[in-house]
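Visitor: The residues making up each chain are set out below.
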Amino acid sequence: MSTDALQASDNPEPRPRAELLSALGHRILLTVGPILVSLIIAGLILVFVGVDPIKYYAYVLDRGLFSPSGIQQTLTRMAPMLFLAAGLIVAFRAGIWNLGVDGQFLLGAVTAAASAPLLVAVVPAWLAAVIAFVIAACVAMAWSLVPALLKAYHGVNEIITTLMMTFLGISLANVLVKLAFLDPNTTVPQTRTLPVEDRLPRLFDTTISSGLLLGLVAIIAVHILMTRTAFGLKLRTVGANPHAAIHAGLNVPRLTVAVFALSAGLAGLAGAVDIIGVQGNVRADWNPGYGLLVIPMVFLARFNGFAAIGFVLLLSVLSIGGESAARRLGVPNHFTLVLIATVLIVLAIVEYVDSRFLKKTRA
Amino acid sequence: MTAGSPNSSADSSIAEPIVTLSGVTKRFPGVVANDDIDMAIRPGEVHVLLGENGAGKSTLIGLLSGLIAPDEGTIAIDGRATQIASPRHALALGIGTVFQHTMLVPTLTVAENLLLGEPWWRRPRKESLQRRIEDLSKSLGIEIDLDALAADLSLGEQQQVEILRALSRNSRVLILDESTSMLTPEGIEELGDLMRQLVKRGLAVVFITHKLKEAAAFGDRISVLKLGRKVGEISPDRFRSLDHDQLIAEFVEMMFGKRSGDPEDVVRSPHPELRDRQPLLSVSGLTLAPARGNPGLNDIAFDVRPGEILGIAGIDGNGQTQLARVLAGQQRADGGDIRFDGKPVTDWPVHARRDAGLRYLTDDRLGEGTVGSFPVSINLLLKQIGDPPFWRNGIEQTAAIDAHARDLIRQYDVRTPSEHTPIGRLSGGNIQKALLARELAEGAKAVIFNKPTYGLDLANTLATRSRIGDVAQSGKAVLLISTDLDELLALSDRIAVLSAGRIVGTVDNEPGARNAVGRLMGGLAA
Numbered sequence: 002m003s004t005d006a007l008q009a010s011d012n013p014e015p016r017p018r019a020e021l022l023s024a025l026g027h028r029i030l031l032t033v034g035p036i037l038v039s040l041i042i043a044g045l046i047l048v049f050v051g052v053d054p055i056k057y058y059a060y061v062l063d064r065g066l067f068s069p070s071g072i073q074q075t076l077t078r079m080a081p082m083l084f085l086a087a088g089l090i091v092a093f094r095a096g097i098w099n100l101g102v103d104g105q106f107l108l109g110a111v112t113a114a115a116s117a118p119l120l121v122a123v124v125p126a127w128l129a130a131v132i133a134f135v136i137a138a139c140v141a142m143a144w145s146l147v148p149a150l151l152k153a154y155h156g157v158n159e160i161i162t163t164l165m166m167t168f169l170g171i172s173l174a175n176v177l178v179k180l181a182f183l184d185p186n187t188t189v190p191q192t193r194t195l196p197v198e199d200r201l202p203r204l205f206d207t208t209i210s211s212g213l214l215l216g217l218v219a220i221i222a223v224h225i226l227m228t229r230t231a232f233g234l235k236l237r238t239v240g241a242n243p244h245a246a247i248h249a250g251l252n253v254p255r256l257t258v259a260v261f262a263l264s265a266g267l268a269g270l271a272g273a274v275d276i277i278g279v280q281g282n283v284r285a286d287w288n289p290g291y292g293l294l295v296i297p298m299v300f301l302a303r304f305n306g307f308a309a310i311g312f313v314l315l316l317s318v319l320s321i322g323g324e325s326a327a328r329r330l331g332v333p334n335h336f337t338l339v340l341i342a343t344v345l346i347v348l349a350i351v352e353y354v355d356s357r358f359l360k361k362t363r364a
Numbered sequence: 091m092t093a094g095s096p097n098s099s100a101d102s103s104i105a106e107p108i109v110t111l112s113g114v115t116k117r118f119p120g121v122v123a124n125d126d127i128d129m130a131i132r133p134g135e136v137h138v139l140l141g142e143n144g145a146g147k148s149t150l151i152g153l154l155s156g157l158i159a160p161d162e163g164t165i166a167i168d169g170r171a172t173q174i175a176s177p178r179h180a181l182a183l184g185i186g187t188v189f190q191h192t193m194l195v196p197t198l199t200v201a202e203n204l205l206l207g208e209p210w211w212r213r214p215r216k217e218s219l220q221r222r223i224e225d226l227s228k229s230l231g232i233e234i235d236l237d238a239l240a241a242d243l244s245l246g247e248q249q250q251v252e253i254l255r256a257l258s259r260n261s262r263v264l265i266l267d268e269s270t271s272m273l274t275p276e277g278i279e280e281l282g283d284l285m286r287q288l289v290k291r292g293l294a295v296v297f298i299t300h301k302l303k304e305a306a307a308f309g310d311r312i313s314v315l316k317l318g319r320k321v322g323e324i325s326p327d328r329f330r331s332l333d334h335d336q337l338i339a340e341f342v343e344m345m346f347g348k349r350s351g352d353p354e355d356v357v358r359s360p361h362p363e364l365r366d367r368q369p370l371l372s373v374s375g376l377t378l379a380p381a382r383g384n385p386g387l388n389d390i391a392f393d394v395r396p397g398e399i400l401g402i403a404g405i406d407g408n409g410q411t412q413l414a415r416v417l418a419g420q421q422r423a424d425g426g427d428i429r430f431d432g433k434p435v436t437d438w439p440v441h442a443r444r445d446a447g448l449r450y451l452t453d454d455r456l457g458e459g460t461v462g463s464f465p466v467s468i469n470l471l472l473k474q475i476g477d478p479p480f481w482r483n484g485i486e487q488t489a490a491i492d493a494h495a496r497d498l499i500r501q502y503d504v505r506t507p508s509e510h511t512p513i514g515r516l517s518g519g520n521i522q523k524a525l526l527a528r529e530l531a532e533g534a535k536a537v538i539f540n541k542p543t544y545g546l547d548l549a550n551t552l553a554t555r556s557r558i559g560d561v562a563q564s565g566k567a568v569l570l571i572s573t574d575l576d577e578l579l580a581l582s583d584r585i586a587v588l589s590a591g592r593i594v595g596t597v598d599n600e601p602g603a604r605n606a607v608g609r610l611m612g613g614l615a616a
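Chains as they are written, first to last, in this note's numbering: chain A, 2 to 364; chain B, 91 to 616.
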């Protein structure tokens, strides 16, 4: 057997390509199949609550994807989600479960919203945007420092600490909006509004924010960083086998802190891109909760940056379409979450069945 | 180890077998793991299954313990053909298995572990368990604290608990899978005594090993497996009529097809000229505070010269791994000096020591030596991530990495489908070859080998040993940490004995060294 194996290694070209294709097909089937099954299950739930699922899905697709205004909203909303996905991919590939992206996102958003209107008064809009981005990233990084240090030097479980820091972060963001950064000229508690002409430019003649391009750049850059560079390989080594990382002489605590900084920094940028690109200000109690929505997408994409772009698009379509459908058909907005959760559960079951029963027959 | 006299009672050879295998065949993709095997397991016998890694021993155990089903042939229990459907079914049939790696739940106590597997609706009956276990262990002469946490037991004690668990479920056949591979010499001897006790009580013991000496010491009946086929059997009568050396010779004949002495018996030729060389690696006053599960290090001092092999003997867990880690820079010592190649390296990080030529081959190949999910090519460079020419400005140079990997794979004869195969899929021997390739690659001046042949089959063991000899021959300094005295005697120039984190003596490897080292290990002066 071993000699066969050796001969195969001398001539690796012809067979593996076909195998690679079939493996890819298998992977796509395993990803798309569960989504279709989940649509059916979620459709049954809709039938149960008295809504025509075909009508609902058609409406969601129309409002999220096929209508001109819908697709523009969808693509615009992808920007912060792509940044969040990038931040999550860095962390998850390094084996660090940063579940605190929502807090980091919101603090980034609030500080960007507070600083940008002040900055445009003194510097050109593009520079103001850059500075606001940097401030947002730094604040989010600082917010992740406590879980980072606890994890790096004391091995405290980051799932707990980042989740707890998110509760604090959301409240702190609120307090900042209501007390420190309050716009005195409005009655509703919110930050100063960044004038529309000073926000990120829109693409061509559409309403799509150029934040989309920044998001795409961020996630592709992260993908390349993790798969093609020495730094990414070091992070993946720490994630895959921390003992091997120590054995190989990697400075695991320092890399851990770096992962937190990168991940949180990207989450902060996600906040900034949403504010400077679209919202213009932060209202008190505003918390879109993108992070918790993006986490399942990143898992569905198996931490692959390119796949994550597709899943973020799907999420964006569902959430934009779902918001419209909520207004029109009376299906609560949270139904989007039900759908995504169903996809995840079905996917896990399919994965189990595949590894338990199907692999055996193929082997 | 003392040769437990094969004292099966006279009627055992004619006792009705409990388990009979006839014509059993099991195929896996690309291999016939078991090929037409006939075998009878009888009460009152220690039936040794002898064979190298890959001979089909594990498959055979899998068949007996209900983990896998045969493709052809039948397994008869008490003369009736039976399909062993699951491990639970095997237990019900009276076949208990103690696997190579302990299956105890570390966070539960011994009693709780023994009570696992009872029906879920019943309250655990600890009192009756206590009585039963006390009876059992007294009659077998072992002492187990039922309230101790499983994690706090030594490996030997954990094994005894697993044996007790099998016995407390009224097993008639006890399968011990490579049970000695994790044990200290004393532990091995205790296990041998225990096996004798068990067969005296009328149990059938199946003892799996690849060590010839253990087979000769503990067996009543020997079956030798080779490449999935049963190539020979020695009956108890014949077994008793042969002395130790004849037995070994017979095993070797069956396993390797050529008659020779024990192939592990090699004597290192002395190199008196080494004395005059300047030490390459010298250590003085090295200390490390004791920690959970290890005695730390206490005032360690030694020199290793170029071309010299210094053996570190001692029973596992006496500070060997800590010593290796401190030398490699993975762990910081609390005190003492390490000089390498004339430079003080005590404060150098791992990477700097490696670059200077000090290499460490870990004994924990999967746990820390490799990242199982990464391809072979990356694992070969795991300690050089970011270094040119494999990374330029931090960007991976795939062509250079693959070429480097193909080169080492060929040079070190690593059997892998390709350099892109995840290293975790390779066999232990091939992973070890890959690690040897990584540590010995360009620039090595001194190499620390930590239990380099642990868990390898004989062919890979011998290949690794000759590789270590070559390393020293080429003028590198070698620190050989091993728990295998034969290995140390075969390779080392000098042997230092480590006990409770302290070097209790250093012996030149000349005739009589075996006794001297043995006495030191046993706590006596050389």
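It should be emphasised that the hints constitute simulated quantities derived from the structure, not laboratory data. One thing to keep in mind: the hints can contain errors.
Unchecked claim - Some residues of chain A that are not near chain B, with every Cβ distance over 10 Å (derived): (1) Gly44; (2) Leu45; (3) Leu47; (4) Ser70; (5) Ala122; (6) Cys139; (7) Gly156; (8) Asp199; (9) Phe205; (10) Leu234; (11) Thr238; (12) Asn242; (13) Ile247; (14) Leu251; (15) Ala308; (16) Arg329.
To be verified - From the structure, some residues in chain A lie toward chain B, with a derived Cβ separation under 7 Å: (17) Arg229; (18) Thr230; (19) Phe232; (20) His244; (21) His248; (22) Gly250.
The model shown is predicted, which means the values in this text are computed figures rather than measured ones. Idealized CB from N, CA, C, for every residue including glycine.
Visitor: Against this structure, judge whether each hint is valid.
Guide: Quick rundown of the hints versus the structure:
The Cβ of Gly44 of chain A lies farther than 10 Å from every Cβ of chain B, with a closest approach of about 38 Å, so its non-interface assignment holds. No Cβ of chain B comes within 10 Å of the Cβ of Leu45 of chain A; the nearest lies about 34 Å off, and the non-interface call holds. With a least beta-carbon separation of about 39 Å from chain B, Leu47 of chain A lies farther than 10 Å from that chain, consistent with its non-interface assignment. The claim that Ser70 of chain A is not at the interface with chain B holds, since no C-beta of that chain comes within 10 Å of its own (minimum 42 Å).
With a cut of 10 Å on Cβ distances, Ala122 of chain A stays outside the contact zone with chain B, its closest approach being about 40 Å. Annotated as non-interface, Cys139 of chain A keeps its C-beta farther than 10 Å from every C-beta of chain B; the closest such distance is 23 Å. Annotated as non-interface, Gly156 of chain A keeps its C-beta farther than 10 Å from every C-beta of chain B; the closest such distance is 15 Å. Consistency note on Asp199 of chain A: stated as away from chain B, and its beta-carbon is indeed over 10 Å from all of that chain's, at 36 Å minimum.
Every Cβ of chain B is farther than 10 Å from the Cβ of Phe205 of chain A; the closest lies at roughly 34 Å, confirming the non-interface assignment. Interface exclusion of Leu234 of chain A from chain B breaks down, the closest Cβ pair being 5 Å apart, not more than 10 Å. Chain B draws Thr238 of chain A into its interface by the beta-carbon criterion, the shortest separation being 6 Å against a cut-off of 10 Å. The Cβ of Asn242 of chain A sits about 5 Å from the closest Cβ of chain B, inside the 10 Å cut-off, so the non-interface label is violated.
At the 10 Å boundary, the C-beta of Ile247 of chain A falls inside the reach of chain B, the nearest C-beta of that chain being 6 Å off. Separation of Leu251 of chain A from chain B is inadequate, the least Cβ-Cβ distance of about 8 Å not exceeding the 10 Å criterion. Here Ala308 of chain A stays apart from chain B, with its beta-carbon at least about 18 Å from theirs, past the 10 Å limit. For Arg329 of chain A, the non-interface assignment is confirmed: its Cβ lies about 47 Å from the closest Cβ of chain B, beyond the 10 Å cut-off.
Because the smallest distance between the Cβ of Arg229 of chain A and any Cβ of chain B comes to about 5 Å, under 7 Å, the interface hint for this residue holds. Proximity of Thr230 of chain A to chain B holds as hinted, the smallest CB-CB distance being about 5 Å (cut-off 7 Å). At its closest, the beta carbon of Phe232 of chain A sits 6 Å from a beta carbon of chain B; the interface hint therefore holds under the 7 Å criterion. Below 7 Å, beta-carbon pairs count as interface contacts, and His244 of chain A has one with chain B at about 4 Å; its hint therefore holds.
A least Cβ separation of about 4 Å between His248 of chain A and chain B falls short of the 7 Å threshold, and the interface hint therefore holds. Of the supplied interface hints, the one on Gly250 of chain A holds, with its beta-carbon coming within about 3 Å of a beta-carbon of chain B, less than 7 Å.
Of the numbered hints given earlier, the model fails hints 10, 11, 12, 13, 14; all others are met.
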